[in-house]
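S.K.: One-letter residues, chain by chain:
Number of protein chains: 4
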Amino acid sequence: MRKIGCTVWAIPEGYIPGSSVSDAHDLVSHEAACFLNPGDRDVEVKITLFFEAREPVGPYLVTVPAKRTLHMRFNDLTDPAPVPRDTSYASLIEASAPVVVQHTRLDSRQPAMALLTTIAFPAAQTSTSTEGAQA
Amino acid sequence: MRKIGCTVWAIPEGYIPGSSVSDAHDLVSHEAACFLNPGDRDVEVKITLFFEAREPVGPYLVTVPAKRTLHMRFNDLTDPAPVPRDTSYASLIEASAPVVVQHTRLDSRQPAMALLTTIAFPAAQTSTSTEGAQA
Amino acid sequence: MRKIGCTVWAIPEGYIPGSSVSDAHDLVSHEAACFLNPGDRDVEVKITLFFEAREPVGPYLVTVPAKRTLHMRFNDLTDPAPVPRDTSYASLIEASAPVVVQHTRLDSRQPAMALLTTIAFPAAQTSTSTEGAQA
Amino acid sequence: MRKIGCTVWAIPEGYIPGSSVSDAHDLVSHEAACFLNPGDRDVEVKITLFFEAREPVGPYLVTVPAKRTLHMRFNDLTDPAPVPRDTSYASLIEASAPVVVQHTRLDSRQPAMALLTTIAFPAAQTSTSTEGAQA
Numbered sequence: 001m002r003k004i005g006c007t008v009w010a011i012p013e014g015y016i017p018g019s020s021v022s023d024a025h026d027l028v029s030h031e032a033a034c035f036l037n038p039g040d041r042d043v044e045v046k047i048t049l050f051f052e053a054r055e056p057v058g059p060y061l062v063t064v065p066a067k068r069t070l071h072m073r074f075n076d077l078t079d080p081a082p083v084p085r086d087t088s089y090a091s092l093i094e095a096s097a098p099v100v101v102q103h104t105r106l107d108s109r110q111p112a113m114a115l116l117t118t119i120a121f122p123a124a125q126t127s128t129s130t131e132g133a134q135a
Numbered sequence: 001m002r003k004i005g006c007t008v009w010a011i012p013e014g015y016i017p018g019s020s021v022s023d024a025h026d027l028v029s030h031e032a033a034c035f036l037n038p039g040d041r042d043v044e045v046k047i048t049l050f051f052e053a054r055e056p057v058g059p060y061l062v063t064v065p066a067k068r069t070l071h072m073r074f075n076d077l078t079d080p081a082p083v084p085r086d087t088s089y090a091s092l093i094e095a096s097a098p099v100v101v102q103h104t105r106l107d108s109r110q111p112a113m114a115l116l117t118t119i120a121f122p123a124a125q126t127s128t129s130t131e132g133a134q135a
Numbered sequence: 001m002r003k004i005g006c007t008v009w010a011i012p013e014g015y016i017p018g019s020s021v022s023d024a025h026d027l028v029s030h031e032a033a034c035f036l037n038p039g040d041r042d043v044e045v046k047i048t049l050f051f052e053a054r055e056p057v058g059p060y061l062v063t064v065p066a067k068r069t070l071h072m073r074f075n076d077l078t079d080p081a082p083v084p085r086d087t088s089y090a091s092l093i094e095a096s097a098p099v100v101v102q103h104t105r106l107d108s109r110q111p112a113m114a115l116l117t118t119i120a121f122p123a124a125q126t127s128t129s130t131e132g133a134q135a
Numbered sequence: 001m002r003k004i005g006c007t008v009w010a011i012p013e014g015y016i017p018g019s020s021v022s023d024a025h026d027l028v029s030h031e032a033a034c035f036l037n038p039g040d041r042d043v044e045v046k047i048t049l050f051f052e053a054r055e056p057v058g059p060y061l062v063t064v065p066a067k068r069t070l071h072m073r074f075n076d077l078t079d080p081a082p083v084p085r086d087t088s089y090a091s092l093i094e095a096s097a098p099v100v101v102q103h104t105r106l107d108s109r110q111p112a113m114a115l116l117t118t119i120a121f122p123a124a125q126t127s128t129s130t131e132g133a134q135a
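Chains as they are written, first to last, in the numbering used here: chain X, 1 to 135; chain W, 1 to 135; chain C, 1 to 135; chain B, 1 to 135.
Be a bit skeptical, because a hint or two may be false.
Remember, identical chains collapse to one label, so a pair may be satisfied in a single copy or spanning two.
Here are the computed lysine-lysine pairs in the DSS-like style, where the Cα-Cα straight-line distance is at most 27 Å [said to hold, decoys possible]: (1) K46 to K3; (2) K67 to K46; (3) K3 to K67.
Keep in mind that the hints were calculated from the coordinates and are not lab data.
This one's a predicted model, so the numbers in the text were calculated from it and none came from an experiment.
Given only the sequences and the hints, what does the whole structure look like? Please build it.
M.R.: Structure below.
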């Protein structure tokens, strides 16, 4: 199968609400990066987190197996450090081969939860074009 | 009319909530891929679903008629197999001619429903650029 | 000011809920295409609506004045025909000069409203790339 | 680190709800542009706001420090003028070096808040392509 996606992705918006009205795994407040790797080989992913008032933290390492999706919750990251709650952050994602990344948040601080999603920004492709235009 | 869109699209985020507070068709929890085919010919679409811990399932076959939209609910797919509820998945969409694809979910597990949407990732175009940059 | 955006945009997802818990203009269920025209000349826009089981309707004509935004509600379109409620549709937007288009819905069928948004799909640019790859 | 992103971004949809059920900083109705600057140098950003029935206002000036994210609330802009509430606007963002921009709104006019997000439109890249196609 041909390669699908990009190797560098950016998600400027990141925020894990520190509270939830539910402890159920599917309804707890969480933020996720959803990966699709339709290829024949596992892809190694490095994630770096950026903050407003401290140095970047990372890399966090995850594997997206061949022909699989991975719905990775930022809540679950622990190495090199847990992701602070109620804190603005952004993420830069670098993959060993092309994948596709979508950003989702479920906010259940209130009884009526809210959802948001967007395809992440495919930074490798755009970076190349921008650099070319400036050269 | 000139061709609009791409032939390969990816949606890394997929999740059909298993419950709903309403049985009404418009308010039941559902996830949709919305297609636009503004062209003069019908487009045949193949959808492959990817999971976190099992082999991909597909292809699911749908037709987007000429000069029509199709708001396809993943809930309604049955052949080769129904889409499991409360399960993370991703989808890869391959069309016989360019279309445009948008991803939407209505989550009505709670009395206050939540919505999310994004244009899907146009994978054919980006894949070409990425491969070119690596060659 | 240099030209910003594209001249052809697509929004595959369209649906105006037929009911609202509020009659207030800002809280009634509505769907909007938000235009940005940062240029020095007015831009003429033609919108064609596509349905699942009937012929396309249009063009609807609107003007986005120079150096202005226009948050156009599909609810307000009347010529050549009102947009049916509780009906799936899609829209194709063709502009006389580049603009940027974002799609938004506010759904207030329930006391707890829901929101969704996405940048529309810039079809002119992608269409060119796709055709080039196939030629 | 290589440059990531674009130097011109557009967000056609802008609207700060004039009321909130909560005064808490994290739950008050707000609209944000989230910036990611993974590079080694601070980036200067100029924001121009466009309205439906008045002249553009700006530039608003903000700095996104090197290796930082900035989750800038439009609510907090005051110079050259506060952003009017309950008023449709759009924003054009011009940066001194590539950044990535994501648009988010939290609407808490009602007890059940709603969220929306999208990656902003990377206008520099697309503008170049469009102009090339027209030349």
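S.K.: Evaluate each hint against the coordinates.
M.R.: Against the structure, the hints come out as follows:
no.	hint	result
1	K46 to K3	both (19 Å within a copy, 17 Å between copies)
2	K67 to K46	both (19 Å within a copy, 16 Å between copies)
3	K3 to K67	within (12 Å within a copy, 30 Å between copies)
No hint from the list above goes unmet by this structure.
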